[in-house]
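J.: With the hints as extra help, turn the sequences into a complete structure.
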Amino acid sequence: MEYLVSTLTFTGITLIGVLGVYMVTGLTGLFSFGQAAFLAIGAYVSAVLYKNLGLPLPLAALVAMLVGLAAGLLVGLPTVRLRRDYISLVTFGFGEAIIAVLNNTANITGGAMGLSGVPQKTSFLLVFASLLVCVAIVISYKNSKYGRQCLALRNDELAAKSMGINVERLKLVTFLIASVMTSFAGVLYVFYTTYVEPGAFGWVISAEWMIIVFVGGVNSLTGAVFATFILTGLPEFLRFASEWRIAIYCVIVLLILNFRPSGIFGEHEISLSFLQKLFRKGARAA
Amino acid sequence: MSSLEVKGISKAFGGVKAIDDFSFEVDGHDIVGIIGPNGAGKTTVFNLLTGVYSLDAGQVFLDGKNLTGLPQHAITRAGIARTFQNIRLFRGLNVLENVMTAADPYSGYNLLDVCLFTPRKRRREKAVKDLSRNYLKIVGLEGYEKEKPESLPYGMQRKLELARALATNPRILLLDEPAAGLNPSEVRAFIDLARTIHAQFQFSIIIIEHRLEVVMELSSRIFVLNFGKLLAMGTPAEIVCDRAVTEAYLGEEETECSA
Chain Z
19 MEYLVSTLTF
29 TGITLIGVLG
39 VYMVTGLTGL
49 FSFGQAAFLA
59 IGAYVSAVLY
69 KNLGLPLPLA
79 ALVAMLVGLA
89 AGLLVGLPTV
99 RLRRDYISLV
109 TFGFGEAIIA
119 VLNNTANITG
129 GAMGLSGVPQ
139 KTSFLLVFAS
149 LLVCVAIVIS
159 YKNSKYGRQC
169 LALRNDELAA
179 KSMGINVERL
189 KLVTFLIASV
199 MTSFAGVLYV
209 FYTTYVEPGA
219 FGWVISAEWM
229 IIVFVGGVNS
239 LTGAVFATFI
249 LTGLPEFLRF
259 ASEWRIAIYC
269 VIVLLILNFR
279 PSGIFGEHEI
289 SLSFLQKLFR
299 KGARAA
Chain F
81 MSSLEVKGIS
91 KAFGGVKAID
101 DFSFEVDGHD
111 IVGIIGPNGA
121 GKTTVFNLLT
131 GVYSLDAGQV
141 FLDGKNLTGL
151 PQHAITRAGI
161 ARTFQNIRLF
171 RGLNVLENVM
181 TAADPYSGYN
191 LLDVCLFTPR
201 KRRREKAVKD
211 LSRNYLKIVG
221 LEGYEKEKPE
231 SLPYGMQRKL
241 ELARALATNP
251 RILLLDEPAA
261 GLNPSEVRAF
271 IDLARTIHAQ
281 FQFSIIIIEH
291 RLEVVMELSS
301 RIFVLNFGKL
311 LAMGTPAEIV
321 CDRAVTEAYL
331 GEEETECSA
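Protein chains in written order, with this note's numbering: chain Z, 19 to 304; chain F, 81 to 339.
Some clues are possibly wrong.
[Stated by the list, open to error] Okay, derived cross-link-like pairs now, BS3-like style, lysine-lysine, Cα gap no bigger than 25 Å in a straight line:
| no. | chain 1 | residue 1 | chain 2 | residue 2 |
| --- | --- | --- | --- | --- |
| 1 | F | K87 | F | K145 |
| 2 | F | K217 | F | K206 |
| 3 | Z | K299 | F | K309 |
| 4 | F | K228 | Z | K295 |
| 5 | F | K217 | F | K228 |
| 6 | F | K209 | F | K228 |
| 7 | F | K226 | F | K206 |
| 8 | F | K209 | Z | K295 |
| 9 | Z | K295 | F | K145 |
| 10 | F | K145 | Z | K299 |
| 11 | Z | K295 | F | K206 |
[Unchecked claim] Simulated restraints, written as ranges between beta carbons of each label pair:
| no. | chain 1 | residue 1 | chain 2 | residue 2 | range |
| --- | --- | --- | --- | --- | --- |
| 12 | Z | L100 | F | G149 | 53 to 63 Å |
| 13 | Z | S134 | F | G149 | 21 to 31 Å |
| 14 | Z | L293 | F | E105 | 50 to 60 Å |
These are calculated hints, taken from the structure and not from any lab test.
Glycine residues also receive a C-beta, built at the ideal position from the N, C-alpha and C atoms.
T.: Encoded structure:
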């Protein structure tokens with residue numbers, strides 16, 4: 019039971035990170051290879067503030083999210099003007115730079131040895147509640163003018179500009195929300211594992227998140243949630259397969275790209291109205 | 081009522097002068113046409129007016145406000161809307177959402193409303209939705225709200241582009257070959273639609289079109305471009321009989337004309 023809860027907690031934290039990638043990559047079509055760095059920022063900033071400076075946890079969490087916002091602004095401001103492929107390069111560089119910084123400031127962060135002795139404050143319930151709030155915000159974002167405009171600019175940037183959409187600002191706003199959300203996931207993460215090391219936040223994690231979004235369906239939040247549970251949860255339960263996780267990922271991605279290029283869910287969402295429709299259809303059939 | 085003043089705009093691509101010192105004005109509640117042989121620079125004029133390309137020289141004023149050098153979205157919000165020659169609808173959004181994206185910049189709620197799920201967001205969303213439905217109704221796409229734009233027949237996609245341009249609340253509407261690819265009866269219907277829209281709204285329309293019957297019937301004045309330069313201007317009747325124009329289109333030949 020405890021094992022199940024801890025797996026679900028980790029999956030929940032990952033899902034908050036994936037939500038960020040969903041907004042940036044799924045909705046807006048920007049490839050950020052440095053998204054996991056925001057997880058690191060959230061984790062390290064909150065842990066150091068709490069442990070070394072004795073700040074109360076909520077305040078430490080808030081500061082960590084603000085630092086995440088500032089870092090997002092630092093990367094985002096110059097990159098939103100760039101072409102899409104360059105955005106991946108810059109965010110990739112940023113992510114690896116953060117890890118290098120963490121490795122080289124050993125007196126504060128513990129360097130490659132990691133930061134240990136953080137008390138466990140995160141519970142499954144807290145993660146679950148945070149997740150619900152984050153999902154609600156992403157749903158609200160997708161179903162607002164912002165989400166629509168993101169999809170529009172992903173599809174045709176020139177036409178989006180011609181419709182009066184401030185494309186650069188919209189990209190930045192989306193990127194910043196994702197940054198803050200992922201930083202928050204970092205806070206949850208460090209106060210659950212009680213130990214972090216820089217190696218846990220490399221580009222592989224960012225790539226994994228992107229793979230999750232793609233497997234789920236680029237345009238579908240339901241797909242992202244579903245794929246997170248399958249791809250993070252499953253290897254934990256199938257312990258024997260965990261060493262093969264990356265290999266399994268690759269096979270799954272290849273299969274999906276071949277047979278269902280738009281992901282499992284494609285553009286579809288499971289919403290309340292969709293379920294109602296399904297129910298009515300079922301009732302009619304019966 | 082609005083006035084567009086274009087003063088001596090120029091644009092060169094490498095050594096090719098796509099547009100060379102072109103000036104014109106559109107005043108009040110007018111429809112004007114821009115015609116010219118292929119490669120004359122017609123679409124370039126639209127791209128310069130809407131900020132897709134930057135101007136090498138010249139200035140653009142809308143109701144006295146200088147739009148020169150503004151970014152694309154700012155020019156659209158200032159009141160210049162356009163449609164595209166090769167239809168550019170947003171796939172992944174349905175027909176209604178396509179129109180809504182164009183009305184969204186005016187919807188007046190912010191990120192805080194989104195994150196806090198305020199009633200204001202719901203109210204404004206509904207207002208934008210109703211507004212967009214109305215534009216769809218105007219162009220005759222009622223009942224297609226939930227369709228994917230790419231699944232619509234070509235003629236309807238053109239209408240959707242028009243509805244989307246209307247939703248940006250323009251003062252000047254630029255139509256880039258709106259009748260291209262339409263069959264004769266659709267062209268007829270488009271001319272009527274353009275008339276209705278023009279009568280219903282207070283803006284002026286500039287049309288680029290190869291189908292001469294569209295330009296001749298709709299516009300009160302026509303500008304003829306050739307190799308990026310203004311070749312002739314005048315009423316449709318004057319243009320038909322203009323020697324330079326016929327030469328540009330057909331080469332030098334003796335033509336008879338009575339006007």
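J.: Take the hints in turn and mark each one as holding or not.
T.: Status of the hints after comparison with the structure:
1. F:K87 to F:K145: Status holds; Cα separation ~13 Å.
2. F:K217 to F:K206: With a Cα-Cα distance of about 16 Å, the restraint between K217 (chain F) and K206 (chain F) holds, given a limit of 25 Å.
3. Z:K299 to F:K309: Judged against 25 Å, a Cα distance of about 62 Å means the pair is violated.
4. F:K228 to Z:K295: 19 Å, holds
5. F:K217 to F:K228: 17 Å, holds
6. F:K209 to F:K228: Holds: K209 (chain F) and K228 (chain F) sit about 17 Å apart, inside 25 Å.
7. F:K226 to F:K206: The given pair, whose Cα atoms are some 16 Å apart, holds under the 25 Å limit.
8. F:K209 to Z:K295: Holds. K209 (chain F) to K295 (chain Z) sits at ~22 Å (cutoff 25 Å).
9. Z:K295 to F:K145: Violated, at roughly 51 Å.
10. F:K145 to Z:K299: Given pair K145 (chain F), K299 (chain Z) is violated - Cα atoms ~56 Å apart, limit 25 Å.
11. Z:K295 to F:K206: 22 Å, holds
12. Z:L100 to F:G149: 53 to 63 Å: 21 Å, violated
13. Z:S134 to F:G149: 21 to 31 Å: Roughly 56 Å apart at Cβ, these two residues miss the hinted range, so it is violated.
14. Z:L293 to F:E105: 50 to 60 Å: About 57 Å separates the Cβ atoms of L293 (chain Z) and E105 (chain F), which means 50 to 60 Å holds.
Hints 3, 9, 10, 12, 13 from the list above are not met by this structure, while the remaining hints are.
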